[in-house]
Amino acid sequence: MSVAQPQPQLDALSRRLTALLCLTMVVASIWGLHRITAGLEVWTFEGRRQLQVHSGVLQASPVVLRTAPRPAHTLWHEGAARPAAYLVDFIYTRCPGICRALGSEFQQMQLALATAPVPGDVHLVSISIDVEHDDPAQLTRFAAGLASDPAWWTFAVPATPDDGRQLLRSLGVVAIPDGEGGFVHNGAIHLLDERGRLRGLFELEQWPQALAAARLLVDPELAGPSVAAR
Amino acid sequence: MNRRGLLPPAPRSISLLTGLVAALPLALLWPALRQTLEARMLLHMLLEFPALFASGWALQRIGLGSAWLRRLAGPLVLLDWRGWCGATLAAIVAAAWMLPSLLDLALLLPAVAATKYASWCIAGWLLAGSLRRMDPEVLLFLAGNVAWMMCSAGMLYLDAPVRLCVNYLQDDQRNSGIGLMLVALLLGVLALRQVLQPAAAEPCAPAPDRARVNG
Chain P
321 MSVAQPQPQL DALSRRLTAL LCLTMVVASI WGLHRITAGL EVWTFEGRRQ
371 LQVHSGVLQA SPVVLRTAPR PAHTLWHEGA ARPAAYLVDF IYTRCPGICR
421 ALGSEFQQMQ LALATAPVPG DVHLVSISID VEHDDPAQLT RFAAGLASDP
471 AWWTFAVPAT PDDGRQLLRS LGVVAIPDGE GGFVHNGAIH LLDERGRLRG
521 LFELEQWPQA LAAARLLVDP ELAGPSVAAR
Chain C
5 MNRRGLLPPA PRSISLLTGL VAALPLALLW PALRQTLEAR MLLHMLLEFP
55 ALFASGWALQ RIGLGSAWLR RLAGPLVLLD WRGWCGATLA AIVAAAWMLP
105 SLLDLALLLP AVAATKYASW CIAGWLLAGS LRRMDPEVLL FLAGNVAWMM
155 CSAGMLYLDA PVRLCVNYLQ DDQRNSGIGL MLVALLLGVL ALRQVLQPAA
205 AEPCAPAPDR ARVNG
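Residue numbers (the numbering used here), protein chains in the order written: chain P, 321 to 550; chain C, 5 to 219.
A few of these clues could be false.
Said to hold, decoys possible - Listed next, the stretches of chain P that the computed footprint assigns to chain C, with coverage defined by at least 3 CB atoms under 8 Å from CB atoms of chain C:
{"hint": "1", "segment": "344-350"}
{"hint": "2", "segment": "436-446"}
{"hint": "3", "segment": "455-466"}
To be verified - Not close to chain P: a few residues of chain C, all C-beta gaps over 12 Å, as computed:
{"hint": "4", "residue": "P54"}
{"hint": "5", "residue": "S70"}
{"hint": "6", "residue": "L191"}
{"hint": "7", "residue": "V199"}
Hints in this document: simulated from the structure, not taken from any laboratory.
Just so you know, these numbers come straight off a predicted model, no measurement behind them.
Glycine included, C-beta positions come from ideal geometry on N, C-alpha and C.
Starting from the given sequences, assemble the full structure and let the hints guide the process.
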């Protein structure tokens with residue numbers, strides 16, 4: 321068969337097959353885009369994490385935490401029976417800026433908890449992401465600088481770097497070097513229940529809502545008009 | 005129709021550079037290099053992605069030098085009428101890997117990372133063959149489309165007041181935005197140059213191949 325001779329049948333077949341393949345690729349990519357972006361609404365990893373909170377799929381690993389003066393222990397675990405709410409943030413003691421700001425929000429939550437205690441177990445937890453540098457003694461000094469009350473606010477560091485990585489990974493928290501000797505990470509206030517399930521994500525300025533959600537988690541009867549409206 | 009006629013002539017020899025470019029993904033098996041490249045958004049998007057694409061392109065060139073690979077590719081060309089399939093895949097791959105969430109997931113989930121490496125290599129491999137059969141109008145549409153997407157993503161990354169990727173700092177994000185816009189501009193210029201180039205000035209012009217596909 322000569323190359324120069326026209327081959328209309330083969331050309332038509334090629335055209336149809338190509339059209340079918342292109343159409344398949346376009347449809348598959350639109351379907352994939354729809355899934356990844358949750359109907360073209362969520363374009364970032366952090367947005368996906370917010371959606372995962374609502375679907376309840378994120379659960380913090382029950383890692384061993386070192387705190388002072390208590391021995392190493394886990395705060396949340398699968399077998400926990402008593403309702404509890406943990407308002408968790410991630411810190412490191414060498415952090416000059418945002419961790420102090422976060423401390424301020426937690427100080428206000430601590431004051432609110434102390435002045436209007438709830439029957440359930442609502443606890444503030446600051447966990448260090450600088451596992452190799454921070455130890456319980458350093459965290460105690462850091463906590464003293466923030467006037468924390470251990471009755472309401474615990475400072476802890478994962479027992480091992482692997483535990484730290486596992487905890488962050490399970491919650492979808494990514495900490496990266498900030499280029500100035502510190503870290504930057506996503507997420508500010510994480511609300512966990514007694515089993516470690518992520519029940520809420522809040523920005524720093526949303527601490528009143530975070531606290532209200534925590535109170536509601538341990539005692540649904542506390543739902544007041546403001547909480548219900550939210 | 006002689007299916008072999010759909011393929012370009014076999015290259016006389018495979019240059020060392022082509023071989024090296026084709027082997028670029030192997031370098032990513034070295035964790036330190038991969039982490040260095042992927043730790044910066046600018047390097048991830050504007051060095052690693054093009055390198056993977058170029059690797060696929062080079063593999064196509066090497067494949068043309070192999071008789072049995074050419075025989076294998078013959079029927080596959082039927083699925084790429086006038087390079088439409090290559091153009092569609094390249095546009096989809098380029099668009100997908102500009103999504104902030106996919107960039108993050110590629111660093112956190114091995115399956116997504118593998119998809120990224122494979123998709124860029126396949127896009128380069130396919131487009132290297134498709135381009136020869138592509139009409140200038142389709143080429144211009146492809147390049148314009150990709151350039152427009154890159155420019156839009158670049159502006160978004162440049163202007164966003166917050167970090168869009170949890171794995172990257174905001175300064176890096178801004179630099180990547182500027183880089184994407186510059187590459188978009190370059191792509192547009194190159195596409196225009198290619199389309200406006202007189203056929204006579206190009207010894208291996210795509211016209212003969214297109215003529216064969218068109219019958």
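Against chain P, does P54 of chain C hold up as non-interface, every C-beta pair farther apart than 12 Å?
The claim stands: P54 of chain C keeps its Cβ more than 12 Å from every Cβ of chain P (closest is about 21 Å).
With a C-beta cutoff of 8 Å, work out whether three or more residues of the segment 455-466 of chain P approach chain C closely enough for the coverage to hold.
With 0 residues in contact (Cβ-Cβ under 8 Å with chain C), the coverage given for the segment 455-466 of chain P is violated.
Since V199 of chain C was said not to touch the interface, does its Cβ keep a gap of more than 12 Å from each Cβ of chain P?
It holds; V199 of chain C is separated from chain P by about 21 Å at its closest Cβ, greater than 12 Å.
For the segment 436-446 of chain P, count the residues whose Cβ lies under 8 Å from any Cβ of chain C; is that count three or more?
violated (count 0)
Take a quick look at L191 of chain C and tell me if its Cβ sits farther than 12 Å from every Cβ on chain P, holds or violated.
Check passes; 20 Å lies beyond 12 Å.
Is it correct that the beta-carbon of S70 of chain C has no partner in chain P closer than or equal to 12 Å?
holds, 21 Å
Count residues of the segment 344-350 of chain P with a Cβ under 8 Å from any Cβ of chain C, then say if the count reaches three.
holds (count 3)
The earlier numbered hints that this structure contradicts are 2, 3.
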